[in-house]
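A.B. asks: Heads up: the sequence lines are chains A and B, in that order. With the working numbering, letter number 39 in the first sequence gets 39, and the count goes up by one each step, no holes. With the working numbering, letter number 26 in the second sequence gets 26, and the count goes up by one each step, no holes.
It is worth saying that the hints were derived from the structure and are not from the lab. One or more hints might be untrue.
Stretch-level coverage of chain A by chain B, calculated; a stretch enters the list once three of its residues show a Cβ under 8 Å from a Cβ in chain B [what the hints assert, rightly or not]: (1) 24-35; (2) 49-63; (3) 104-111.
Just so it is clear, the structure is predicted and the values come from calculations on it, not from any experiment. Beta carbons are placed, not taken as given, at the ideal position from N, Cα and C, and that holds for glycine.
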Amino acid sequence: MEVSTAVFYLIALVTVISAGMVALSRNIIYSAFSLLGTFMGVAGLYVFLGADFVAAVQLLIYVGGILVLILFAVMLTHRITDVKITNRAAGRIPALLVVAVFVVLLIQTIKETPWMKAKQVVFTATTATIGDAFLYDYLLPFELASIVLLGAMIGAVVLSRKEIKE
Amino acid sequence: MSPNELSSYLIIGAILFSLGMFTVLTRRNAISVLMGVELILNSANINYVAFSHFSSGNSAGQIYAIFVIMLAAAEAAVGLAIVLAIFQLFHSIDVEAAQALKD
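Please take these sequences and the hints and turn them into a complete structure.
C.D. replies: Below, the structure written as structure tokens:
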């Protein structure tokens, strides 16, 4: 077995196991930190797929931004004196049935479909291509994205500030 | 399962999607529900990048993945702000506590 195949198995295993811990852990802090493993694993998969820029963006935004935001939200919504930070789950058995049927169907479909074989792929840096595409073909969505981010930022500030009583 | 097959990436994406859906369905903590949504968005991103890599070879799938990441960041910011507002109002982030509209 080649080294790259072994690394691929390792990354896939880390991704799936930490995603399982997000879904099943009883402590929300453990769930939040398991999300770190999932995000890093997905970034590794992007590297295997030749998407170096997307992997870097994944690390910057998910690990550096969203995960920190989630941890802050966990800290702000639980009192420090609470020893037990619960992460209650309900209706596990019906949910498990639905999800199990769903995943079996998905995997069966994926296995039976005759997918295209990969061409001989040459790994090149994708940053310049993506930058060109953003400024030519995807200029309107790119500008809309900045407006959406501005709106989300203002909305988050307005929603989370405390009301000042006169 | 090998790094040179499309189906291995799709299977990882399917497993991540199912775990995210399980999280969204079972958790009663609003922050955990948001974590499940993040898992689902990540699985969709894996599919985008994998199909882009194995089919056309151009970077359209990667660009869509970047847009999804951007929207996930906006969603996380607004979602967690709503969770904080719910916490200030109800002193709990249990999704079953926020029932003021029902009464």
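A.B. asks: All hints, please: hold or fail.
C.D. replies: Cross-check of the supplied hints:
Given as covered by chain B, the region 24-35 of chain A passes the check, having 4 residues with a CB less than 8 Å from a CB of that chain where 3 are the minimum. Only when three residues or more bring their CB closer than 8 Å to a CB of chain B does the claim for the region 49-63 of chain A stand; here the count is 9, and the claim holds. Look at the region 104-111 of chain A against chain B: 4 of its residues bring a Cβ nearer than 8 Å to a Cβ of that chain, three or more, so the hint holds.
Comparing the model with each earlier hint shows no violations; every hint is respected.
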